[in-house]
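Q: Sequence:
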Amino acid sequence: MENIQKDIGSLIEQPACCSGGKKESKGKPRSTSTQIILGLLGIGVWYTVYYQLEPLSRYLTYDLIGLGKDSHLGASIQFFLYDTPKVMMLLTLVVYGVGIIRSFFTPERTRKFLAGKRESTGNVMAALLGIVTPFCSCSAVPLFLGFVTAGVPLGVTFSFLISAPMVNEIALVLLYGLLGWKVAALYLVTGLLVAIVAGWVIGRLGMERHMEDWVQELRANADVMPDENLTWSDRLKHGLDAVKDIVGKVWIYVVAGIAVGAGIHGFVPENFMASIMGKGAWWSVPAAVVVGIPMYSNAAGIVPVIHALLEKGAALGTVLAFMMSVIALSLPEMVILRKVLKPRLIGTFIGVVGCGILLVGYLFNIII
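Mapping of the sequence shown onto this note's numbering: position 10 corresponds to residue -4, and the numbering continues sequentially without gaps.
Don't read these hints as lab results, they were simulated from the structure.
Fair warning: there could be bad hints in the mix.
Ranges between beta-carbon positions, derived for each pair [stated by the list, open to error]:
hint : residue 1 : residue 2 : range
1    : 321       : 30        : 37 to 47 angstroms
2    : 354       : 39        : 23 to 33 angstroms
3    : 352       : 25        : 41 to 51 angstroms
4    : 218       : 277       : 38 to 48 angstroms
5    : 352       : 171       : 14 to 24 angstroms
6    : 317       : 266       : 23 to 33 angstroms
7    : 266       : 50        : 41 to 51 angstroms
In silico DSBU-like pairs for lysine-lysine, Cα to Cα no more than 35 angstroms straight-line [claimed, not checked]:
hint : residue 1 : residue 2
8    : 265       : 72
9    : 55        : 168
10   : 230       : 72
11   : 265       : 298
12   : 235       : 72
13   : 325       : 230
14   : 235       : 325
15   : 298       : 235
Here a beta-carbon is modelled for each residue, glycine too, at the ideal position from N, C-alpha and C.
Modelling step: build the complete structure from the supplied sequences, incorporating the hints.
A: Structural data, given as structure tokens:
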């Protein structure tokens, strides 16, 4: 058992691929005041460049390249040249800010914060923490182990696992940049509700016995990792590391997603998507969820696609249900979670979250 605990102690440390953590620096570091001044100057440059992107994309497409303004290819190229830098700039700014915030929420501090809380309160707190806490498929097992072995209730843990990939800063900044603040706010609220309610339901079902036996044995025996004491200079560096880590990993998904969206924007006939993903097709929401589950993508890759689908007549509820199922219920994530959960609990997780996503899809289609 002692050897197993040592192995798990190394497992629950944040993986390097997801951490954007503190690295040893070379040379004399800049002072905090210097970093703040450089940051403010950078924001000014960012703001100036951001608001020149649309006229620049039109100039490059229609004047420099010489494509026709009414051509399908011209519309696709202009869409791509405008949305790619716009999304990347938004992503970089938000990831930097959230990276600083994340320096206050280490995995160990998060576990301490959630452990011992009443389940209903814990569900809300876990879902909110999911917005600013690093999470990806490769960290699913370590974070799950860290939570359950620290005494965090199972339902609270699932609220976090649902919220973290689905309602994170990448999803929100892309939705804001492409679809506006109203859609981003609606997605934030409904995504949190799905995470909170689904986690609460799973907790009420009392399915702790459906965790793998070796996980249950470790609940009271896992080692506790110390928190780091970070200065503000460390936290600013943490933000830069987060940009290098997160944006460095998702940029290819952003470009690929926008490329697909550009093709849909320029070449798919108007109202074509309304026939298969519109409000009139009652079966479109469950079909979107079923199609989305086996797929593997993240917000960076899928949001530009739903942006283009909406422009062509697809219903908002249907495409958001599709997006939620792709991000929160992806098949690769289920395969990873199988290492610590028994099939019945995984099936319950998929069923409860899937029902929540269906309700969100139909609600959006009725209201909007």
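Q: Take the hints in turn and mark each one as holding or not.
A: Against the structure, the hints come out as follows:
no.	hint	verdict
1	321 x 30: 37 to 47 angstroms	holds, 46 angstroms
2	354 x 39: 23 to 33 angstroms	holds, 28 angstroms
3	352 x 25: 41 to 51 angstroms	holds, 44 angstroms
4	218 x 277: 38 to 48 angstroms	holds, 46 angstroms
5	352 x 171: 14 to 24 angstroms	holds, 18 angstroms
6	317 x 266: 23 to 33 angstroms	holds, 30 angstroms
7	266 x 50: 41 to 51 angstroms	holds, 42 angstroms
8	265 x 72	holds, 30 angstroms
9	55 x 168	holds, 30 angstroms
10	230 x 72	holds, 18 angstroms
11	265 x 298	holds, 13 angstroms
12	235 x 72	holds, 17 angstroms
13	325 x 230	holds, 30 angstroms
14	235 x 325	holds, 25 angstroms
15	298 x 235	holds, 29 angstroms
No hint from the list above goes unmet by this structure.
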